[in-house]
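Chemist: Chain by chain, the residues run as shown.
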Amino acid sequence: MTTDNHSKEVAPLSDPGIPEHVHRRTDTDPKAAKKAERQVAILFSISALGTVLFVYSYTFMSENLFVFLPVMGSTNAKQLFLGLGMAISLFFIGMGAVHWAKMLMPDNEVIAHRHELRSEEVDREDFVKTVKEGAAAAGLGRRSLIKRSLGAALGLVGLTPLLLLRDLGPLPKDDFSKTSWEAGTRLVTDPGDRPIKPSDLEIGAVAQVLPELPNGKVRKLEDIGKDAVLLIRIRPEEFQLDAERLSWTHEGIIAFSKICSHMGCAVALYEQQTKHLLCPCHQSTFDVTRAAKVIFGPSARPLPQLALALDSDGYLVAKQPFTEPVGPSFWERDSA
Amino acid sequence: MNFISRYRRSKFFGPALLAAALFLLATSYSVASATTFKAVTPTSDKTTLIAEGKEIFARGCSSCHGLNLEGGAIAPSLIGVGAASVDFQVGTGRMPMADMSVQAARKTPVYNEAETAALAAYVASLAPGPAAIKNEDLAWERSGDAAEGGQLFRTNCAMCHNFAGQGGALTQGKYAPSVMGAEPKQIYEAMITGPQSMPVFSDKIITPAEKLSIIKWIKTAEAEPSLGGASLGRTGPVTEGLLSWTLGIGGLIGVAVWLASKAR
Amino acid sequence: MSAKERAAGAVANYVDERTGAAKWMKKNLTKVFPDHWSFMLGEIALYSFIILLLSGTFLTFWFDPSMKEVEYEGSYGPLSGLKMSAAYASTLHISFDVRGGLLMRQIHHWAALLFMVAIVVHLLRVFFTGAFRKPREFNWLIGIGLLTLGIVEGFLGYSLPDDLLSGTGIRIAEAIIQAIPVVGSYLAYFVFGGPFPGEVFIPRIYTVHILLLPGIFLALITVHLMLVWYQKHTQYPGPGRTEKNVVGYPLMPIYMAKAGGFFFIVFGFTAFLGAVASINPIWLFGPYTPAQITAGSQPDWYMGWLDGLVRMAPPLETHAFGHTISWNILIPGLIIPGILFTGMALYPFIESWMTGDKREHHLLDRPRNVPTRTAIGAMSLTFMIVTLLNGGNDIIATHFGLTINQIMWFSRIGVLVLPPIAFVVTKRICLSLQRADRELVLHGKETGRLVMLPHGEFVEIHEELSPEKKWTLTQHEQLPPLEITQENQAGVRNPKGLLAKLQQRASKAHQEQIEKPSAKDVIELGDGHH
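Chains as they are written, first to last, in numbering that gives the first Met the number 0: chain Y, 0 to 335; chain E, 0 to 263; chain A, 0 to 529.
Just so you know, the hints here were simulated from the structure itself, not pulled from any lab data. Just so we're clear, the structure is a prediction, and the values are computed from it rather than from any experiment. Ideal placement from N, C-alpha and C gives every residue a C-beta, glycine not left out. It is possible that part of the hints are untrue.
Here are some, though not all, of the chain E residues that point toward chain Y, as calculated from beta-carbon distances under 8 Å [as the list claims (entries may be wrong)]: (1) Thr26; (2) Arg58; (3) Ala113; (4) Cys159; (5) Thr170; (6) Gly172; (7) Ser177; (8) Ser196; (9) Val199; (10) Phe200; (11) Ser201; (12) Gly228; (13) Ala229; (14) Arg233; (15) Leu258; (16) Arg263.
Simulated restraints on C-beta separations [as the list claims (entries may be wrong)]: (17) A:Ala499 with Y:Leu162: 43 to 51 Å; (18) A:Gly8 with Y:Leu162: 35 to 43 Å; (19) Y:Ala40 with A:Lys519: 56 to 64 Å; (20) E:Ala262 with A:Ile49: 23 to 31 Å; (21) Y:Gly150 with A:Gly259: 17 to 25 Å; (22) Y:Gln319 with A:Gly214: 49 to 57 Å; (23) A:Leu345 with Y:Leu162: 44 to 52 Å; (24) A:Lys26 with Y:Asp122: 14 to 22 Å; (25) A:Arg492 with Y:Ile17: 48 to 56 Å; (26) Y:Pro11 with A:Lys243: 16 to 24 Å; (27) A:Gly490 with Y:Ile17: 54 to 62 Å; (28) E:Lys261 with A:Lys519: 33 to 41 Å.
Please model the complete structure; the sequences and the hints are all you need to start from.
Modeler: Below, the structure written as structure tokens:
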């Protein structure tokens with residue numbers, strides 16, 4: 000930024016114009032130009048080598064070969080060299096082209112003029128005239144009957160695609176309030192489908208549970224998405240529940256819907272010492288001793304509790320269906 | 000004598016003398032303060048083992064857990080935790096705890112195998128609990144099914160330990176540690192004892208055979224090299240996004256700066 | 000004429016006789032483009048899009064967009080014999096049983112991440128340099144459209160393999176749809192063809208992902224580029240550069256080589272990432288089932304801010320007259336993003352309303368010369384960064400020894416407090432930089448060389464700036480704030496009322512500047528001053 004001898008004399012703070020062009024070494028020295036040309040050729044040649052590496056890896060390298068590299072650790076050689084071959088073959092074409100442009104193509108700055116984007120007055124007037132004449136010829140302004148009936152027709156035809164989409168899905172009806180849990184449905188392990196006795200659970204234990212399937216029925220993901228339940232056993236004296244909710248537990252065993260009341264992720268993180276359930280999606284935290292009351296995070300409702308009982312064989316069963324819809328809220332949801 | 004008189008005016012003499020004195024002081028302190036842990040040889044004499052365990056316990060654990068294992072404000076009761084819990088906690092170095100933080104972290108064990116066995120025998124003698132497991136008793140390689148183990152892991156473990164067993168966050172600074180590098184018996188013992196925040200996975204809920212499959216899957220995942228390149232921590236999209244914002248666009252902008260700069 | 004020239008001439012003649020191409024080719028081959036690295040950010044996005052089209056087409060030859068349950072029989076051991084959807088199984092097949100399949104999957108996903116990063120940095124460059132001003136408002140709107148569609152396209156794309164992580168994301172998307180008042184439960188059933196997850200979601204988003212959205216992208220990108228072509232690219236201010244010219248290099252051969260070369264560089268670099276960095280290892284996630292979840296469940300980074308907003312939302316839900324409205328989902332999931340993106344889209348119009356400037360602009364602004372706009376940009380960026388970080392709060396907690404509860408509270412408060420602080424700090428920094436520029440122009444650059452004058456005083460030698468540099472630092476326009484008559488002489492109040500008052504105040508705040516040095520100042524200072 001020295002006071003440049005090459006600058007023209009200008010009035011203070013006015014535009015001195017484009018600075019004088021500075022030539023590159025390759026412009027003035029033919030040896031430098033030849034060197035640059037060789038460099039471009041080398042770059043393109045590296046690209047070719049990359050393609051060779053790609054073809055070799057694809058055709059000859061074994062799928063089960065693993066190489067150890069710093070930072071990357073042990074990795075699949077075929078996948079690595081296929082990728083590197085492809086990367087090199089592409090990258091160095093670009094490098095060669097750019098180096099060629101920078102070093103050898105003329106780098107004199109060129110000036111082009113911007114024309115105002117606004118059309119000429121004559122063109123604008125002609126345009127307005129054309130549109131006005133065209134509109135008058137169509138006669139929409141005068142013939143309001145045509146205008147109104149056209150509007151109605153176009154509006155109505157828009158209904159056809161909307162109506163066609165009706166069969167995208169069934170109506171929900173009361174699906175949201177129903178799960179597979181009925182009075183007497185046995186709780187079974189997920190996976191394994193084994194029924195559970197209270198003695199199977201120690202204090203501090205947790206079990207991932209699903210409703211037992213009637214014979215021949217196949218479990219679908221849609222069912223799992225509402226039926227998944229978490230079974231937890233704590234010391235009975237640690238519950239802080241009202242009488243009704245306490246009656247839904249059995250000897251310290253309590254069951255909650257695993258589907259988060261916030262946005263439906265599986266709430267399965269159980270902290271044994273604090274008796275808290277954590278949903279890893281948005282960190283809603285539920286207190287097991289207080290019927291999964293929300294103690295932190297964005298969920299606005301506790302997890303629905305499933306009432307437990309024992310059947311005649313001593314296995315844990317649901318005493319009744321869920322008393323509220325499981326999962327995230329929706330407009331028609333009535334209970335708090 | 001000649002050596003000292005020749006060099007005592009050298010500008011390095013003072014610092015060298017100081018360094019020598021410090022070295023002598025430090026090494027003599029180390030030597031003087033060294034205590035030998037009496038090497039406890041494994042003994043088949045159970046009563047001796049329990050007695051040794053009691054002694055180690057009184058020395059190293061009772062200050063928090065109480066002389067009768069009753070626990071207190073800062074440590075839980077150890078009654079009924081069983082030899083398995085002791086083997087796990089002491090064997091992974093979690094106990095004795097290094098400092099009073101929200102969670103005991105895995106570290107280099109303080110007690111050797113024999114001492115750990117003594118402690119376990121002592122704790123187990125006071126109240127029945129799950130027995131310690133030996134690595135050689137777990138036939139996970141032979142009878143474990145990695146695919147089944149993966150399903151079990153994803154249903155029962157991934158919500159805390161992450162899909163690849165890399166660990167994850169719990170509330171208030173607690174965390175589920177990475178399961179990579181854990182010994183098979185430690186994985187098994189953790190499942191049956193439910194250490195700290197981890198719940199208990201009873202044998203009727205996850206059967207012993209299923210537990211072996213889980214161990215098989217963990218060991219398979221551990222040994223599996225990252226198949227697509229550098230693994231970026233196997234923690235998911237966060238590290239991937241970080242890489243695209245640093246190396247990704249950084250590298251491309253670097254090239255762009257070179258591309259648009261005037262050649263000399 | 001050589002044989003090659005004759006052959007080329009014959010081809011050119013053939014085409015021209017049928018299309019009249021010579022005329023517009025001649026005009027366009029000599030088109031001038033200004034050269035600056037920050038003008039290449041949009042190119043990175045464009046080339047990433049092409050890479051996505053190419054790699055994506057490859058993937059469609061093997062991907063099966065079906066949710067029908069199959070038993071896995073491929074070569075990846077740890078999933079052997081497990082039941083999974085055909086979509087997941089076909090993705091495993093591509094990864095392990097198609098040579099180069101995993102590489103192409105990874106190139107496709109890295110290109111998607113880079114596409115979104117490039118769009119954002121390109122948006123930032125356009126915003127901070129004021130390239131959205133007239134006549135480029137349409138292009139800005141198209142750009143915002145591309146950003147929004149890019150987010151959706153990426154989300155749909157990584158959900159196609161139907162793995163545990165992306166399936167969790169779909170579950171959350173379904174909850175947002177379900178939470179919409181009145182129509183939510185119906186919309187959710189229509190989108191998923193019944194209860195979640197159903198069997199039609201993956202096939203449907205496949206059509207959107209490979210046909211509908213790419214088609215819209217192609218159309219929007221074409222218009223976007225045509226506008227740039229026709230309106231000519233903006234340029235940074237400097238000596239010889241005016242509102243009425245473009246100074247740069249011609250398309251042929253310079254830009255064909257540089258831009259064409261850059262395409263290969265971007266492609267090669269993306270392939271490099273695909274070779275050395277594992278991305279979306281779906282075989283580790285396992286197939287999706289609603290009963291499973293992984294610790295550290297996050298969407299891809301460009302949706303991380305949405306996740307962060309949802310995580311920090313207070314647990315607000317209202318129950319009235321038998322109906323529930325989940326504000327804790329609607330506000331962070333739909334309302335705030337709606338306000339943000341609408342604000343972004345309308346910004347060019349808001350700014351021209353504030354400044355009253357209705358002229359064409361082709362010279363870019365130096366960000367320091369528009370302190371209020373730069374501060375607004377910094378404020379928005381701060382908001383996005385806080386929400387983005389909160390989206391990864393569990394990963395940050397475990398890696399930096401913090402708690403998720405601490406980070407959550409920091410974000411809840413920070414998202415309200417930090418953006419205004421960023422605004423104030425940025426505006427003050429810009430004004431200080433303007434002051435520094437003024438000093439530079441009037442007094443020259445400090446050289447650090449001291450000279451003792453004959454009478455004993457020490458002075459630092461200042462080097463005068465070159466006329467080129469002085470011009471660059473002072474060429475910008477400093478518009479005065481708008482003078483909007485609130486009440487004319489007859490006592491009639493401005494019919495725009497409150498809006499007019501608001502415009503007056505906004506203009507005054509927006510035009511806060513440090514007065515740039517004028518020619519008069521320079522002359523007054525005179526020579527002989529170091």
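Chemist: It remains to establish, for every hint, whether it holds in the given structure.
Modeler: Results for each hint:
1. Thr26: violated (37 Å)
2. Arg58: Where the cut-off is 8 Å and the nearest Cβ of chain Y is about 26 Å from Arg58 (chain E), the hint is violated.
3. Ala113: violated (29 Å)
4. Cys159: holds (5 Å)
5. Thr170: Given a least distance of 6 Å, the restraint on Thr170 (chain E) holds.
6. Gly172: Status violated, d = 12 Å.
7. Ser177: Hint violated; Ser177 (chain E) Cβ to chain Y Cβ min 15 Å, cut 8 Å.
8. Ser196: At about 4 Å, which falls below the 8 Å cut-off, the nearest Cβ of chain Y leaves the hint on Ser196 (chain E) intact, so it holds.
9. Val199: holds (4 Å)
10. Phe200: holds (7 Å)
11. Ser201: holds (5 Å)
12. Gly228: holds (6 Å)
13. Ala229: holds (4 Å)
14. Arg233: This hint is violated: Arg233 (chain E) lies away from chain Y, its Cβ roughly 11 Å from the closest one there, beyond 8 Å.
15. Leu258: Holds, because the Cβ-Cβ distance from Leu258 (chain E) to chain Y comes to roughly 5 Å (cut-off 8 Å).
16. Arg263: The hint holds - Arg263 (chain E) has a Cβ within 8 Å of chain Y, the shortest such distance being about 6 Å.
17. A:Ala499 with Y:Leu162: 43 to 51 Å: 47 Å Cβ-Cβ, so the 43 to 51 Å window holds.
18. A:Gly8 with Y:Leu162: 35 to 43 Å: violated (59 Å)
19. Y:Ala40 with A:Lys519: 56 to 64 Å: Once the Cβ atoms are compared, 57 Å apart, the range 56 to 64 Å for Lys519 (chain A) and Ala40 (chain Y) holds.
20. E:Ala262 with A:Ile49: 23 to 31 Å: holds (28 Å)
21. Y:Gly150 with A:Gly259: 17 to 25 Å: Taking Cβ atoms as reference, Gly150 (chain Y) and Gly259 (chain A) lie about 50 Å apart, which means the hint is violated.
22. Y:Gln319 with A:Gly214: 49 to 57 Å: At roughly 52 Å between Cβ atoms, Gly214 (chain A) and Gln319 (chain Y) fall inside 49 to 57 Å, so the hint holds.
23. A:Leu345 with Y:Leu162: 44 to 52 Å: violated (34 Å)
24. A:Lys26 with Y:Asp122: 14 to 22 Å: About 19 Å separates the Cβ atoms of Lys26 (chain A) and Asp122 (chain Y), which means 14 to 22 Å holds.
25. A:Arg492 with Y:Ile17: 48 to 56 Å: Holds, at about 52 Å.
26. Y:Pro11 with A:Lys243: 16 to 24 Å: With a Cβ separation near 23 Å, Pro11 (chain Y) and Lys243 (chain A) satisfy 16 to 24 Å, so the hint holds.
27. A:Gly490 with Y:Ile17: 54 to 62 Å: Holds, at about 55 Å.
28. E:Lys261 with A:Lys519: 33 to 41 Å: Holds, at about 35 Å.
Against the hints set out earlier in the document, violations occur for numbers 1, 2, 3, 6, 7, 14, 18, 21, 23.
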